[in-house]
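Peer 1: Here is what each chain is made of, one letter per residue.
There are 2 protein chains.
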Amino acid sequence: MVLLDGKKISNDIKDEITEEVKKMKANGEKVPHLAAVIVGNDGASLTYVGSKVRACERVGFESTMVRMSNTTSEVELLDKIHELNDNDDIDGFIIQLPLPKQIDTQRVLMAVNPDKDVDGFHPTNFGKMALDMSTFIPATPFGILELLERYGVETRGKHTVVIGRSHIVGRPMSILMGRKGFPGNSTVTLTHSQTKNINQITSQADIIISALGVPGFLKAEMVKDDVVIIDVGITRVPDETKTKGYYITGDVDFENVSKKASYITPVPGGVGPMTIAMLLKNTLLARENKFRK
Amino acid sequence: MVLLDGKKISNDIKDEITEEVKKMKANGEKVPHLAAVIVGNDGASLTYVGSKVRACERVGFESTMVRMSNTTSEVELLDKIHELNDNDDIDGFIIQLPLPKQIDTQRVLMAVNPDKDVDGFHPTNFGKMALDMSTFIPATPFGILELLERYGVETRGKHTVVIGRSHIVGRPMSILMGRKGFPGNSTVTLTHSQTKNINQITSQADIIISALGVPGFLKAEMVKDDVVIIDVGITRVPDETKTKGYYITGDVDFENVSKKASYITPVPGGVGPMTIAMLLKNTLLARENKFRK
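Note that the protein sequences, when read in sequence, are chains B and C.
For the first sequence, my numbering gives the first residue as 1, with consecutive numbering after it.
For the second sequence, my numbering gives the first residue as 1001, with consecutive numbering after it.
Do not rely on the hints blindly, as some may be mistaken.
[Said to hold, decoys possible] Partial list, computed: chain B residues near chain C (C-beta under 8 angstroms):
(1) K22
(2) T124
(3) A130
(4) L131
(5) S134
(6) R165
(7) S166
(8) R171
(9) T189
(10) L190
(11) T191
(12) Q194
[What the hints assert, rightly or not] Result set (DSS-like, lysine-lysine): computed pairs, CA atoms no more than 27 angstroms apart in a straight line:
(13) B:K180 - B:K219
(14) C:K1224 - B:K224
(15) C:K1008 - C:K1025
(16) C:K1007 - C:K1242
(17) B:K219 - C:K1242
(18) C:K1224 - B:K196
These aren't lab readings, by the way, just hints derived from the structure by calculation.
This structure is a prediction, so every number in the text was calculated from the model and none was measured.
For every residue, glycine included, the Cβ atom is placed at its ideal position computed from N, Cα and C.
Isolated chain B, as found in the complex:
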């Protein structure tokens, strides 16, 4: 069994990006600049954005955190987005979700200039991805592809089962694994809340990507020998014995499933750390205008 070590790989990627930034500086070029907009005071959101800002510092990017109050109107947020779209110094930006309920998330995400959409959530970028064109890939799916690629996990002709059809993980992952190229060329089954015979389906899978958010959902008897396991579930389970008052766990019964798996991601330290690394990668691609028309 090989552990897909997202902590190590994400550090490798950050080191590579740091080198790129050094070269840019040495050439007198502007370094990549990421902005993050956060509306309100949600604790988890502040933590996530804080991590993103620190990751920018780590690789030498400029970063800007835009904080807006919980009572921000949709128009005010749209104005801010137009300002960031028009600001040539900002290469890419993200709108931290969730947004307060007075704001239509879909309308807000549609307002982001696709050339600066480093989260890959804009329909134009999502459509390009689904139509095999080059574009920003949402950070978590991008991180999973990167893990599979760097560990040389064979995906061609394999049966990949994706659990969960969210817009940010399951849906894009199901599309990406079925595209031509590597990683890809899998036969892909997308399962979700309406799926009936989930055990029967997972037990036929060569690769399982679980993004359900139910701790310990995937058990050893649901998988075959030598399965590849990508666990995207991140759930905080309350635990008074921990300093933080909780521990983090995935969708997979790691102890037992890992005995059958050929490759498996741990939680924490698997897919999680990859997400921020790929956001940085997307920001670098934005700086280089990789996908601009």
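Take the given structure of chain B and dock chain C to it, following the hints.
Peer 2: For chain C alone, coordinates are given in the frame of chain B:
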């Protein structure tokens, strides 16, 4: 076994659209206007565009056929597209494919204003579809959804297997059948040229949508009892005994598979006629500005 009669249903849809157009006229409103651009003299393309123009006449739409020579440059075609984008009298338009090889198809399709993209091929529309937003759905997948809906074929929790990952049928169909709502909520497996154990997969399917283009590919021993069969394959097989010199056949061994199926589309007369009906439907939606921001 119930025949999914695309010829009948497409006529019903055309009748419904005709009624809508009559109402528009009675209200003194402009009727929908579809333009079709054809570059070169490909016989099949001319036939298809001819059918689309005749279908417009049938329902009372205005139509314009724009013919350009085989030696048209990409710039000339892009100019024509910008002209159609800017022409308020044109509600929707299509670029008949394939295009001559001096023209980059992707760049051309990207130039179409998404609000007039009644083929649903623009990445922005494709992305909206994949993100569960309202938009133009490509005509063939839209026609398949319509058939399933009008015959009340249960799709929720069913295992749908799609054969072929083309941008115009397989890929969008795999996305649509897994979306929430009806028809949808299926567990979807997308298979393609790299799929290894296709027989094993099709034999587990409740619904099979085949868009492969290989006559007689899907045989009775590959499907289970009561399967629902949607045959999107349309292949011309040379046959001197026919007046046209060929006959049309699908991917499915109809004679034997139909004995096991609960529902099945014939070829011809199944999915084929639905495609033009749904192009008309999209043009009506464009006229009504259904998806305009």
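Peer 1: Could you run down the list of hints and mark each one as holding or not?
Peer 2: Against the structure, the hints:
1. K22: Since the shortest Cβ distance to chain C is 35 angstroms, the answer is violated.
2. T124: holds (4 angstroms)
3. A130: At 5 angstroms from the nearest chain C Cβ, A130 (chain B) passes the 8 angstroms test, so the hint holds.
4. L131: holds (6 angstroms)
5. S134: Violated: closest Cβ of chain C sits about 10 angstroms from S134 (chain B), beyond 8 angstroms.
6. R165: Given a least distance of 6 angstroms, the restraint on R165 (chain B) holds.
7. S166: violated (11 angstroms)
8. R171: With a minimum Cβ separation of about 6 angstroms from chain C (threshold 8 angstroms), the hint on R171 (chain B) holds.
9. T189: Since chain C brings a Cβ to about 4 angstroms from T189 (chain B), closer than 8 angstroms, the hint holds.
10. L190: holds (5 angstroms)
11. T191: holds (5 angstroms)
12. Q194: holds (4 angstroms)
13. B:K180 - B:K219: violated (31 angstroms)
14. C:K1224 - B:K224: holds (24 angstroms)
15. C:K1008 - C:K1025: Measuring from Cα to Cα gives roughly 26 angstroms; hence the hint holds.
16. C:K1007 - C:K1242: holds (21 angstroms)
17. B:K219 - C:K1242: Status violated; Cα separation ~59 angstroms.
18. C:K1224 - B:K196: holds (17 angstroms)
Going through the hint list in order, the structure does not satisfy hints 1, 5, 7, 13 and 17.
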